[in-house]
Amino acid sequence: MKLPQELKLKDLAFFIGGKVVGDGDTKVSTFAMNPLAAKEGDLAVLFDKAYLKRIDECKASAAIVPSGTKCSIPHIAVDRPLLAMQKMLGAMQPKRFIPPNGIHPTAVIDETATIGEKVAIGPHVVIGPGSTIGDNTTIMANCVIGGKVNIGRNCLLHPGSLIADYVQIGNRVIIQQGASIGSDGFSYVTEKMSNIERRLAGITPLSKEQNSNLKIPNIGNVIIEDDCEIGANATIDRATVGSTKIGAGTKVDNLVMIAHNCNIGKDVLVIAQSAVAGSCKIHDRAILAGQVGLKDHITIGADAIIEAQAGVLSDIAEDAVVVGSPALPAREHLTNVAYGRKGEQMYKQLRALQKKVDELEAQLNGKAMATAK
Amino acid sequence: MKLPQELKLKDLAFFIGGKVVGDGDTKVSTFAMNPLAAKEGDLAVLFDKAYLKRIDECKASAAIVPSGTKCSIPHIAVDRPLLAMQKMLGAMQPKRFIPPNGIHPTAVIDETATIGEKVAIGPHVVIGPGSTIGDNTTIMANCVIGGKVNIGRNCLLHPGSLIADYVQIGNRVIIQQGASIGSDGFSYVTEKMSNIERRLAGITPLSKEQNSNLKIPNIGNVIIEDDCEIGANATIDRATVGSTKIGAGTKVDNLVMIAHNCNIGKDVLVIAQSAVAGSCKIHDRAILAGQVGLKDHITIGADAIIEAQAGVLSDIAEDAVVVGSPALPAREHLTNVAYGRKGEQMYKQLRALQKKVDELEAQLNGKAMATAK
Amino acid sequence: MKLPQELKLKDLAFFIGGKVVGDGDTKVSTFAMNPLAAKEGDLAVLFDKAYLKRIDECKASAAIVPSGTKCSIPHIAVDRPLLAMQKMLGAMQPKRFIPPNGIHPTAVIDETATIGEKVAIGPHVVIGPGSTIGDNTTIMANCVIGGKVNIGRNCLLHPGSLIADYVQIGNRVIIQQGASIGSDGFSYVTEKMSNIERRLAGITPLSKEQNSNLKIPNIGNVIIEDDCEIGANATIDRATVGSTKIGAGTKVDNLVMIAHNCNIGKDVLVIAQSAVAGSCKIHDRAILAGQVGLKDHITIGADAIIEAQAGVLSDIAEDAVVVGSPALPAREHLTNVAYGRKGEQMYKQLRALQKKVDELEAQLNGKAMATAK
Numbered sequence: 000m001k002l003p004q005e006l007k008l009k010d011l012a013f014f015i016g017g018k019v020v021g022d023g024d025t026k027v028s029t030f031a032m033n034p035l036a037a038k039e040g041d042l043a044v045l046f047d048k049a050y051l052k053r054i055d056e057c058k059a060s061a062a063i064v065p066s067g068t069k070c071s072i073p074h075i076a077v078d079r080p081l082l083a084m085q086k087m088l089g090a091m092q093p094k095r096f097i098p099p100n101g102i103h104p105t106a107v108i109d110e111t112a113t114i115g116e117k118v119a120i121g122p123h124v125v126i127g128p129g130s131t132i133g134d135n136t137t138i139m140a141n142c143v144i145g146g147k148v149n150i151g152r153n154c155l156l157h158p159g160s161l162i163a164d165y166v167q168i169g170n171r172v173i174i175q176q177g178a179s180i181g182s183d184g185f186s187y188v189t190e191k192m193s194n195i196e197r198r199l200a201g202i203t204p205l206s207k208e209q210n211s212n213l214k215i216p217n218i219g220n221v222i223i224e225d226d227c228e229i230g231a232n233a234t235i236d237r238a239t240v241g242s243t244k245i246g247a248g249t250k251v252d253n254l255v256m257i258a259h260n261c262n263i264g265k266d267v268l269v270i271a272q273s274a275v276a277g278s279c280k281i282h283d284r285a286i287l288a289g290q291v292g293l294k295d296h297i298t299i300g301a302d303a304i305i306e307a308q309a310g311v312l313s314d315i316a317e318d319a320v321v322v323g324s325p326a327l328p329a330r331e332h333l334t335n336v337a338y339g340r341k342g343e344q345m346y347k348q349l350r351a352l353q354k355k356v357d358e359l360e361a362q363l364n365g366k367a368m369a370t371a372k
Numbered sequence: 000m001k002l003p004q005e006l007k008l009k010d011l012a013f014f015i016g017g018k019v020v021g022d023g024d025t026k027v028s029t030f031a032m033n034p035l036a037a038k039e040g041d042l043a044v045l046f047d048k049a050y051l052k053r054i055d056e057c058k059a060s061a062a063i064v065p066s067g068t069k070c071s072i073p074h075i076a077v078d079r080p081l082l083a084m085q086k087m088l089g090a091m092q093p094k095r096f097i098p099p100n101g102i103h104p105t106a107v108i109d110e111t112a113t114i115g116e117k118v119a120i121g122p123h124v125v126i127g128p129g130s131t132i133g134d135n136t137t138i139m140a141n142c143v144i145g146g147k148v149n150i151g152r153n154c155l156l157h158p159g160s161l162i163a164d165y166v167q168i169g170n171r172v173i174i175q176q177g178a179s180i181g182s183d184g185f186s187y188v189t190e191k192m193s194n195i196e197r198r199l200a201g202i203t204p205l206s207k208e209q210n211s212n213l214k215i216p217n218i219g220n221v222i223i224e225d226d227c228e229i230g231a232n233a234t235i236d237r238a239t240v241g242s243t244k245i246g247a248g249t250k251v252d253n254l255v256m257i258a259h260n261c262n263i264g265k266d267v268l269v270i271a272q273s274a275v276a277g278s279c280k281i282h283d284r285a286i287l288a289g290q291v292g293l294k295d296h297i298t299i300g301a302d303a304i305i306e307a308q309a310g311v312l313s314d315i316a317e318d319a320v321v322v323g324s325p326a327l328p329a330r331e332h333l334t335n336v337a338y339g340r341k342g343e344q345m346y347k348q349l350r351a352l353q354k355k356v357d358e359l360e361a362q363l364n365g366k367a368m369a370t371a372k
Numbered sequence: 000m001k002l003p004q005e006l007k008l009k010d011l012a013f014f015i016g017g018k019v020v021g022d023g024d025t026k027v028s029t030f031a032m033n034p035l036a037a038k039e040g041d042l043a044v045l046f047d048k049a050y051l052k053r054i055d056e057c058k059a060s061a062a063i064v065p066s067g068t069k070c071s072i073p074h075i076a077v078d079r080p081l082l083a084m085q086k087m088l089g090a091m092q093p094k095r096f097i098p099p100n101g102i103h104p105t106a107v108i109d110e111t112a113t114i115g116e117k118v119a120i121g122p123h124v125v126i127g128p129g130s131t132i133g134d135n136t137t138i139m140a141n142c143v144i145g146g147k148v149n150i151g152r153n154c155l156l157h158p159g160s161l162i163a164d165y166v167q168i169g170n171r172v173i174i175q176q177g178a179s180i181g182s183d184g185f186s187y188v189t190e191k192m193s194n195i196e197r198r199l200a201g202i203t204p205l206s207k208e209q210n211s212n213l214k215i216p217n218i219g220n221v222i223i224e225d226d227c228e229i230g231a232n233a234t235i236d237r238a239t240v241g242s243t244k245i246g247a248g249t250k251v252d253n254l255v256m257i258a259h260n261c262n263i264g265k266d267v268l269v270i271a272q273s274a275v276a277g278s279c280k281i282h283d284r285a286i287l288a289g290q291v292g293l294k295d296h297i298t299i300g301a302d303a304i305i306e307a308q309a310g311v312l313s314d315i316a317e318d319a320v321v322v323g324s325p326a327l328p329a330r331e332h333l334t335n336v337a338y339g340r341k342g343e344q345m346y347k348q349l350r351a352l353q354k355k356v357d358e359l360e361a362q363l364n365g366k367a368m369a370t371a372k
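Chains as they are written, first to last, in numbering that gives the first Met the number 0: chain A, 0 to 372; chain B, 0 to 372; chain C, 0 to 372.
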């Protein structure tokens, strides 16, 4: 990876912070993603323990390392190398082709919409009646924004984002390609008692008559607070009544499903393909790793971690870590998995033991009988 | 949640049906989603057992309750409170910003397409050759409809819906944002015997030569019958030959995948992120809870429930409830889970028992030896 | 399924290859997807063992069968019937309504973009600065292609495909509706030590202060090599640095998530709703069945099969077949599942055995006591 220009280590330190150790005039022109594959001229960033252990093998000309690391090549010592890399990548970022400020002539903006200063609206964008777009916000090609939508300042909507009526979006929010915000929730009611209701009430037999699912209107909306990011092709449904809420700083990954009336706290991470069923409450900084499923009306405590592919059927406490489907505390789950792998061994041992006990019993009773004779 | 206007209880009863108990002139102006958080002026709807148990704590001015419920505040007694709420929300629904009747000037409609009466076609919509759009149907912004597509009457296609060639859609169908109907199925054939075929035939070793996957053309289509709803960013693939069918009244949630040649019955519910592999047959009123996976060529009986995250590898009988991956009858699965949690206990008990038996054996043989002396 | 025209068996054999057995003048006009439901006039293709066993029940007028099959109706014997069907369906394929060559007047093509010969660009397509579209490529309605994108020859982009800046696409690539290529990866760093870092370092208690997730810029791109197909609404994220790579001939199904910096080999199959976390390496011809999840930085060996819904937490060897979450070798997993179903039986047997041993012990000690008396 070429750097945008050749850099002296001391100049880089000026930009990202940290303390130069060794020759500050060392020049780097390329960046090595894998420090162990680095070669002369490369800058390497070492933040992973696995790499730090093998730091002596690193052939880069210079490195960024955590403060206190023994490192024989010229380097910048920083508190948080990943944070240094984040700053550095920001500077290295190639031009992204966002539309220029102004409204592209092919965009269809309702005359009652309010467009802020320095807003860039790309080709084929549609914005509905009464909507407001804040200053410095960019709306890329082919996005559709419904009526009475508010979008704050400094937002970036990637191409093909779909934002339905009444959705409220804060400042500095990023929406990735094809995300759908404000689609209707999945809620229906049957005219007659449904078979689900019959099962719950213990009524048999189930009805085999037609009993249509009537759509429950979704009169609520979606609120996305400041600094959120919503992933590509993710879907966030509007509330039946009130709002589906995504708290400030929360990041939602690709293909995630957030159902109607969920209330997600601040700085939560919802990773790829997770599904949060209706009316869940997720507290601040909780993490849903990939492909997690939450039953409806569940509460997830602050800082809880729901591990990948877990299926959560009941409330999870603050700081808890749960695994599996149904989800259990990590230690309990791992114990179950470990002993689950001993099933065959236990089965065979049990069979052998049964045989032995039968023999002992026969021996004992035979002896008893012999004694009795 | 504000009601569109202040209402007297007796006027509401006129609209939603049911019997007024207490002062029919009681006025409500707001709606409380959570009955236990309701306050004066609120209308509460109590249909959940958990709320009904605590009905005395409800501070709403008025309520909708199931007939026969003891309730000290003015209320309307109805057979199905959720159905009453559905009607009420319908009346409360704020204006949705759908395009006006007519064809937006930026839409590109093939001259051989047939557009019905009172059809509303939004900006940047594309409709291909020979397609037909029924009366009163609304096609929102940036939808793309291929050639020879038929869409019935009173349908609503939300923005960015993608409907490929030859798809047939009935009446009163709703397509949510970004759904893809009629994309090609995932079916390939290799020029030479594939490694999957080698494994099935027990041929070793596997081949390490290149053996490209050739696309099998998808010459079929998708048929969606009346009254279906398809969720945001869901995908329904066309059939290899014939049709992928979604029966009348079936509801498909967000991010669901229905593969080629599936045949789904009437009033089926397919909940978020479920995946139905090729050529499955799902009978009427079956329910696939979220994140369910079905192997290809499976049959699911009528009224069967496939619980969330289940993985179904074989046919499921009518009325059955299955859980887990691989899916088992609910009771069997729960038994397995319950005993699976006793693994450590059983392991330790088994070890202790083994020790005891060894001791008994030693004792018995020692005694036997002693006796023999 | 009607054939495009009535065909003699010998003419069909000329087209698909193989050897005619029986009357080559037999005419067929329709194609039966299910050979056992075939009737007079139908052509049936028998490639599945289940069907071949019941070949005598097939009422079709003619058939395509594997060489060496005993078949009493006129037929074509071929080495690979599915390959024959693939060729036949190719010929039967109805017209698909792709845009004509040229650029639709509503498309917005940057003046610095380079468009090849015989390129077809549909309505409302957007192509950014410096992008290149190769000869004979078709870009259907409402696709958005960013800046500095290269798309090769003979590609087909279905409607609503979203291709972000700098993405590189080879020749003969097919992108299904609504797929998102090149969205940003899900990578963040916190200003202060995060709670994940605290947990890893064993620091307690967790911090309850706000600690925002800062976006790590994604300065890399996505490379999709020749002959790939990407499914509807699938998402492939760009690399943090370098490239997310999809090797030649690899097929990615609907709603799949490929995260940043993954490196996928040639002729890999990634089936519906699978998720590959960041920086995974998947070798040639591996298969990820549906709804699979891969932890980040995992390597999957060539020809490995990851069965549906598996969750992979560590590297998988070449040719391995793994099942379950966490994924285990198939045989081991099946053994665990089988013994897991014996939990109740084992528990009860263990309890009974414990009782028996207690009795034997009492008997033995009683006897011992009796003897001692």
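Read the hints as simulated data drawn from the structure, not as lab findings. Certain hints may be false.
Since the list gives no way to pick out one identical chain from another, each pair is judged satisfied if it fits inside one copy or across any two copies.
[To be verified] Below 20 angstroms or equal to it, Euclidean Cα-Cα: the simulated EDC-like pairs (lysine to aspartate or glutamate) are:
1) Lys214 with Glu224
2) Lys347 with Glu224
3) Lys341 with Glu331
4) Lys147 with Glu116
5) Lys69 with Glu360
6) Lys214 with Asp225
7) Lys7 with Asp225
8) Lys18 with Asp357
9) Lys117 with Glu331
10) Lys207 with Glu196
11) Lys48 with Glu208
12) Lys86 with Glu5
13) Lys347 with Asp47
14) Lys52 with Asp24
15) Lys52 with Glu196
No experiment lies behind these values; they were computed from the predicted model shown.
Which numbered hints fail = 2, 5, 7, 8, 9, 11, 13 and 14
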